[in-house]
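Engineer: Chain order of the listed sequences is L and G.
Sequential numbering of the first sequence, starting at 170, is according to the working numbering.
Sequential numbering of the second sequence, starting at 91, is according to the working numbering.
If you are wondering where the hints come from, they were derived from the structure by calculation, not from laboratory data.
Note that beta-carbon positions come from the ideal geometry of N, C-alpha and C, so glycine has one too.
So the derived list for chain G, only partly shown, Cβ under 7 Å to chain L, looks like this: (1) A188; (2) M218; (3) W333; (4) F344; (5) R434; (6) F435.
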Amino acid sequence: MEKGYIALVLHAHLPFVRHPEHEDFLEEDWLYEAITETYIPLIEVFEGLVRDKVPFRITMSLTPTLLSMLLDPLLQNRYLRHLEKLIELAGKEIERTRWHPEFNSLALMYYHRFNRARQVFCDEYKMNLTSAFKKFYDLGVLEIITCGATHGFLPLMEVERRISVRAQVKVGVDMHRKIFGKTPVGIWLPECGYNPGDDEILKEFGIKYFLTDTHGILFGSPRPKYGVFAPCYCKSGVAAFSRDVESSKSVWSTQEGYPGDYSYREFYRDVGYDLEFDYIKPYILPDGTRINTGIKYYKITGETDHKEPYVVKHALDKAADHAGNFMFNREKQAEHLLGLMGDRRPIIVSPYDAELFGHWWFEGPDWINFLIRKIHYDQKVIKLITPSDYLHIYPRNQVITPSYSSWGWKGYNEVWLEGANDWIYRHLHKTVERMIELAGIHASLEPSGLVRRALNQAARELLLAQSSDWAFIMKTQTHSSYAYRRTKDHIYRFTRLYDEIKSGKIDENFLLDIEGKDNLFPDIDYKMYCR
Amino acid sequence: MDKNKLKKAKKDKLMLLARRSNIRGTNLMSKERLIDALTRVSAKKAKKKPKAQRVIKQIKKLPQYQFQGRRPIARPPLMAGRSHSLLEKNGQQKVEEAKYYLGPTSQYQSLEEFQFPAGYGDNRIVAMVRDPWWIYSYWEITPEKENEVRNRIAQKGLNPVKSILRVYDVTGVEFDGNNAHTFFDIELKGLAINWYINVKNPNRAWIIDIGILASNDELFVLARSNCVRTPRFGMSDVVDEEWMCQEDDYWKMFGLSGGFGIGKGSLALKEMFKKRLVEQISSAGWSGAVSSLSSPSKKALKKKGFWLVVDCELIVYGQTEHDAKVTVQNKPIRLRKDGTFTLRFALPDGKQDIPVVATSFDGDDTRTITPIVTRRTI
Chain L
170 MEKGYIALVL HAHLPFVRHP EHEDFLEEDW LYEAITETYI PLIEVFEGLV
220 RDKVPFRITM SLTPTLLSML LDPLLQNRYL RHLEKLIELA GKEIERTRWH
270 PEFNSLALMY YHRFNRARQV FCDEYKMNLT SAFKKFYDLG VLEIITCGAT
320 HGFLPLMEVE RRISVRAQVK VGVDMHRKIF GKTPVGIWLP ECGYNPGDDE
370 ILKEFGIKYF LTDTHGILFG SPRPKYGVFA PCYCKSGVAA FSRDVESSKS
420 VWSTQEGYPG DYSYREFYRD VGYDLEFDYI KPYILPDGTR INTGIKYYKI
470 TGETDHKEPY VVKHALDKAA DHAGNFMFNR EKQAEHLLGL MGDRRPIIVS
520 PYDAELFGHW WFEGPDWINF LIRKIHYDQK VIKLITPSDY LHIYPRNQVI
570 TPSYSSWGWK GYNEVWLEGA NDWIYRHLHK TVERMIELAG IHASLEPSGL
620 VRRALNQAAR ELLLAQSSDW AFIMKTQTHS SYAYRRTKDH IYRFTRLYDE
670 IKSGKIDENF LLDIEGKDNL FPDIDYKMYC R
Chain G
91 MDKNKLKKAK KDKLMLLARR SNIRGTNLMS KERLIDALTR VSAKKAKKKP
141 KAQRVIKQIK KLPQYQFQGR RPIARPPLMA GRSHSLLEKN GQQKVEEAKY
191 YLGPTSQYQS LEEFQFPAGY GDNRIVAMVR DPWWIYSYWE ITPEKENEVR
241 NRIAQKGLNP VKSILRVYDV TGVEFDGNNA HTFFDIELKG LAINWYINVK
291 NPNRAWIIDI GILASNDELF VLARSNCVRT PRFGMSDVVD EEWMCQEDDY
341 WKMFGLSGGF GIGKGSLALK EMFKKRLVEQ ISSAGWSGAV SSLSSPSKKA
391 LKKKGFWLVV DCELIVYGQT EHDAKVTVQN KPIRLRKDGT FTLRFALPDG
441 KQDIPVVATS FDGDDTRTIT PIVTRRTI
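All chains should be built: construct the whole structure from the sequences, respecting the hints.
Structural biologist: Okay, here's the thing in structure tokens:
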């Protein structure tokens, strides 16, 4: 009999970025890179485990914006175009590196990886990767949970909180039901942002649990008897699971974490920057600005600018070592905890950004693969489960009020509320109030087709403006102008619709234009903003 | 403005200056860009008008009622605020940033002419939680409202003294304006429209009034905020009888949950908890403690100091009959339709013999040409 449980939770999210008005659009690459480097490799890992009949349970949140993009034909076709260019470049690289065996073998690896990605994307899943995740969900190896509609950071929805939060949750739950055919059992609160009382809204939608950072439970009241090693129920009856610090650190930490190992691939050395201009020009931006291509030849090497060529075998050996180390530490942890807890087995919750695996930590999907196999074959102390599995084993848990918290730096709201982004909230809050005003006016009467479309589009624009990603990116250097523009675009589009709906003069061409651009959530109903 | 002086100033200060100079988009500017913009503006201004006139013009532009253009003063020093996560969040944030990293560039231009409105014609103040010790507030007051209140003050034969924020501790009370446990005031000296307020106490409820303090010390309220509660920081004192255990056991689980290691008693853990906090607060530089993973911003700024990278590639090209078969170093290559070919190789140090062999379609004729290339790097 096992002595404890481990719940790996992978949070897959990207903001909605789709620009049909441009032939090429740089920020769409966020999606393309994540598909090639994270989503497809993870699908391959799950596929292999199922094929080899290795039992496992993993929890994954797929956000509504990410699902919307994965389902979108324009982005699907653009991804394929992107991938085919990568295959072409990798092919040229095989020839170019002929006299450099260490690079040549890597060029071959990329060539095969990209071709394999093409096969998975086109042939196996017919361009729709949500069907891959659904497959593993239905097989019972993945527990897919939902998230806020656009990853809006809930704790800062201070004005009209209940309606704002409810709309984010409702759209997430509806989308999950539509794509996966069942009600999500859990939710990933965007950025793990928890505000006491928001759980009441989760309960309304049949959600059984959410995840918080460590101090969500640890600083909760009354004192949690088992710390973060057992869930707690909120008064609403919804369970909170909190992140384990030790296991988190071993992956997340730039100091002690596995991904910093010198044998692993260096993220910041890319042929897009390294190679001769005329040669690489077709694969960077049309204006000649260099960008990442995804072909990277070097390992981290050390704290130096001089990087050595990457060696696949060494990196894979390290990933296997690290998986073994992770498992061993969790075994020790579980044994010790069981001794202390006595009457129940502990759950160790390890949540990560899914994009960490593959995109940031190139070997991450291999690490997960090794870890799952080792857990199954090499020991009997710990077992992989999902939060809902734990609630089945231990339906009785302590009732507390978890603490207000997020998993952002410093643990609260500062990442999304500081000098670079605090100015957005007066506009976001006003926009919510206006949306509620519009919904109120059209609450009882059935508006005409055009008015209803305008109201629904206004709701989409509001939700898009609320994405936590914009506030987050505003404080980083490189894409802050994009984040600023997106906030501005959605507030502008909303405000114009608001004025037009109120004056009764809806410009259908404008509406058509933005319906075509911000085309997610086809089934949205503005009435969720009625009081 | 003196460029060197600007360089020494903090970014916040520069943003404040830039906003006063009506420079747009300061939120998005790097420090270097701010300095650039400021020096350009001041050069322009110096040319244009004598100083006195400029001041008059600025006063005209900013109506009395608008608290505009000032950055919050009561904000914490950058990292020396309280840093209390139990985890190394900063590492996580680096990783999360990488998700959006495509290289140091972004080219989005909007076509739509739209400026965020300076106000919505509301009289309101909103409070938001930043962390257990700080709350943030923004507000908007219309000139009509301010005039109305000023008239009320005048009608009572009083004088307005200053604009203030009054921050009430309303924990556990239904606030009626007079029943707060305590309150404190913040004088709004500039033309602020928002403020970071250090309330110092976790796990308390707060309401903020914005108003004008009159000469008799009476506060004339312009607007009252929503109520917010700062989060608890630390283990709760409330114990649940049903889930009770020894004090020491609570601390053991607390310590393990917080990643403080195993086998420590409650006293040691309490100490560690404190110490860990102090460490995090004092090591404001830990964000700079970059590991082997370089950070996105580091790359964006490029390497410091002078540097040079050189590499060589070799282009081998030629032409034959379009239907001939050609090998280069014994590997077949593909010809273009007109029989031309181009090959490009990364050229390492050393000698390369590159036999190019063309064979006619019927196999009757063969030509071989062998360029020999030596690269030596010193």
